[in-house]
Amino acid sequence: MAEVMNMEGHVRLGSNAGQALTRRDGILKVTGAAPYAADARPEGLLYAVAATAGIARGRVTHLDVAAATAHPGVVKVYTPANVPALAISPDEKIHPFVWKMEALQSDAVRYAGQPIAMVLAETLEAATEGARLLAPRYEAEPPRVTFETGEPYETDTTAFGRPATHRAGDLDAARGTAAHHVVTEVSTPAQYHNAMEPHAVTARWDGDRLELDTPTQALALTKTTIAAFLGIDAAGVTIRSPFLGGGFGSKAIVYGAQLLAILAARDLGRPVKMVLTRAQMYGPVGHRAPTRQTVTVNLDPEGAITALEHDTLTVTSTFDHFLEGASGASHSVYVAPVLHTTHRAVRGDIGTPGPMRAPGEASGSAALELAIDAAAEAAGMDPLAFRLKNYAETDPATGMAFSSKALRECYAQAAERFGWDARPLAPRQMRQGRLLKGWGMGTAQFPCPMFQAAAHATLRADGSGVVETSAADMGQGAWTALAQIAADGLGIDIDRLDFRSGHSDLPDAGIAGGSGHTATAGTALFNAGADVIRQLADLATQDPASPLFGAGNAGVTARAGRLWRNDDERSDSYEDILARAGLDLIRGEGKGVREGEPTRAMFSHGAVFAEVLVDPDLGQVRVSRLVGAFAAGRIINPKLARSQLLGGMTWGIGFALQEEALHDARTGRFVNNDLAGYHVPVNADAPMIEALTVHEDDPFVNTLGIKGVGEIGVTGTVGAIGNAVWHATGIRPAGFPIHPESLI
Amino acid sequence: MTPTLNLTINGTPQTIALDDPRATLLDLLRERLGLTGTKKGCDRGQCGACTVLVDGERVNACLSLALSQDGKHITTIEGLAEGEQLHPVQAAFIAHDGFQCGYCTPGQIMSAVGLIAEGEAGLDPERVREGMSGNICRCAAYAGITEAVLEATREMDTAAERKSA
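For the record, the sequence lines run as chains D and C. The first sequence begins at 132 in the working numbering and counts up by one. The second sequence begins at 305 in the working numbering and counts up by one.
Treat the hints with caution; some may be incorrect.
[Claimed, not checked] To give an idea of the chain D side of the interface with chain C (calculated C-beta under 10 Å), a few residues: (1) PHE374; (2) PHE379; (3) ASP805; (4) ALA817.
[What the hints assert, rightly or not] Output of the computed footprint for chain C on chain D, the stretches with three or more beta carbons under 8 Å from beta carbons of chain C: (5) 164-171; (6) 764-776.
Think of the hints as simulated: they come from the structure by calculation, not from any bench. Keep in mind it's a predicted model, so treat the numbers as computed, not measured. Beta carbons: idealized from backbone N, C-alpha and C, even for Gly.
Produce the complete structure using the sequences and hints provided.
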């Protein structure tokens, strides 16, 4: 359990960032006082419960609205026959972050679990019973929920316009001359985010003004999207989302039941609370789509990769577009003089997939890392030596240099900590008692996107500061880490900072996704503080009464509530500068955005080593040890970063051994859409996990040097566990999760 | 007829007129009494987010009909701290970053308080992990949770010794 955080050489941005502060929202969260959307209880509240489809394809022919309406406490039943219209069809994709929704626009059923009615009642119990009494009848068509039954689907893009195909170099020639041609096939299942907080909305109207408590990973975007579908002015919409009970990608989009609850509140003139049940989270709010991947590694006689091929077949919905971009995971990890990646899909009667923690990268890395281990075996090499031999010095996909890449140090530190040197090359060599023991590794990598954010900063006459941006804290620690950055931007102690966030009336902090929120919103906050300091420095250096008079803007530094001359020891306090200027406050603004086309390839990197114990009779696999080392640029808060990395690695355990959503192929319904049947890791599944951080300065990724830690932990880990299972048993997993019966 | 029940919630005896006999203890606490610290994650007893103490024992409030709890003492997350003074488990969760999003945290903490009182896990990390495995944390703050439970156990042992000495 003991963890090692490599604090040596840790760079402190100023007086706040870089410190392992405990969470500023800690007391709220341990006392139950932290407000989540479903905790809201406005006066006159009605409860909304969705009824959902029990078939996957066809149409609803009858709902017993009379029975539901007659149930005591039921106030209203909405069906396609009487639901108030939206301003825009819920099937319109008004921007790339809108998924087509089900808001009772027709009686058609396009996947099991889709909302087909909504019941409003005075109590949750009455609404729940009302929804049950609807007893829907259907005209069902045969569901297509498998790879075999889905409709073939031709497309040029995976998601968000990314090309589905990348072809560079002469593949036929490379195949013809390869000494080894190692083909690895890996399947991955459908996975569901299963944030602990079910999706929820509490809606209140005041005339044309709408107030919402609803968790969102993108406050400003959610506000404008909801306003557009309702046909109201976005300025009249207020969303509070101070805390998300987890998101993992599932709370970045607006969904049909959310809109229906808002419509009902307007129609009935009373506040409405709607919370999805756990089962209802399987369908309308995204998932990680299943894949069947083939990775082919072509090697020269010395074990150098001459060509890398990665093909992904996945399943998307019949009515919208999102492909799991798994093959992209092979673009930038290992050398690939010839690189061919492709994606194909079938369309099935399922909810549209979406981004789930490390979308594309997690599934793709899982397959790639198994393939790389198989290639190392073919070359007769140690898996780490093979990876070092095929270390990409420049990005194979773009030819660009990396902005920074301390992956060698990650390999070295994690391998040493793990004790990799003692690993026998051949499988089935180690035992612990009667259990087979195996060691495996994987490379972790995740890109460093930035979105767009804006922030305001204010310095007050007493030297304290206020910063504002609509950041989303879904557990990554925005309330703490962003405040640390903002305090440094203003050059004050974090205790003198009022950080306002999680509210749609504040400047747009962008999307909490892509592991880019701290970088994006943090840059905006820092720049807003710097804007204040620039103005403050102007005042001081032009004021003959200031010790800084004549120092010039470039000649002062902001620290600990004072401006300091760089050329001597003299300083001036913020309070004095403002008082002499007769100002109550100074305001500043900042943006967080990456300007222009990137000229470097930007990724976080890591190395993950896994030990597994396999019962030779039962095939049961336990992860007994995981060690990861990650280079992710500047670490703003080592305590929170460690939690993010450990969380991601634990997701890797779930991916490798547990998580798998299953449909009944006959009905198209889920077999296991609950937490008893869909297994996520529990405490006993995550025993010895360590996350080390490796020092890395990155002058290119953004001015703060932040790369992000939210998702990278999932990558690398899945493959490391799969490779450890091979090392224990001699059996290469054909896919994930690894089922016990495949090992006996 | 409106059924009534008597509960002692966080030390305060209450007589509650229950508007709907179907209400679970969880929905009574959250939707009727405004004690929203206790969370609903699955409503099926599968996640542990709704863990409260009933007569000192950990219980999934979502699986307990409110009416079946007549006469019981209920402790929720709101009843753990004494004024500003956090319970040792609460303090340890903050110190060891035993949570991220915070949604499962009230249930984790109540479960930890119950586990420590059961006295079965002691300072054995493996038994703590096992004993806390009825409480899912999707953020997977398990390392911090286990460290926090161990530290709180030590802390409470020491406090008990000091008291008895």
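Verification of the supplied hints:
no., hint, verdict
1, PHE374, "holds, 6 Å"
2, PHE379, "holds, 7 Å"
3, ASP805, "holds, 6 Å"
4, ALA817, "holds, 4 Å"
5, 164-171, "holds (count 6)"
6, 764-776, "holds (count 5)"
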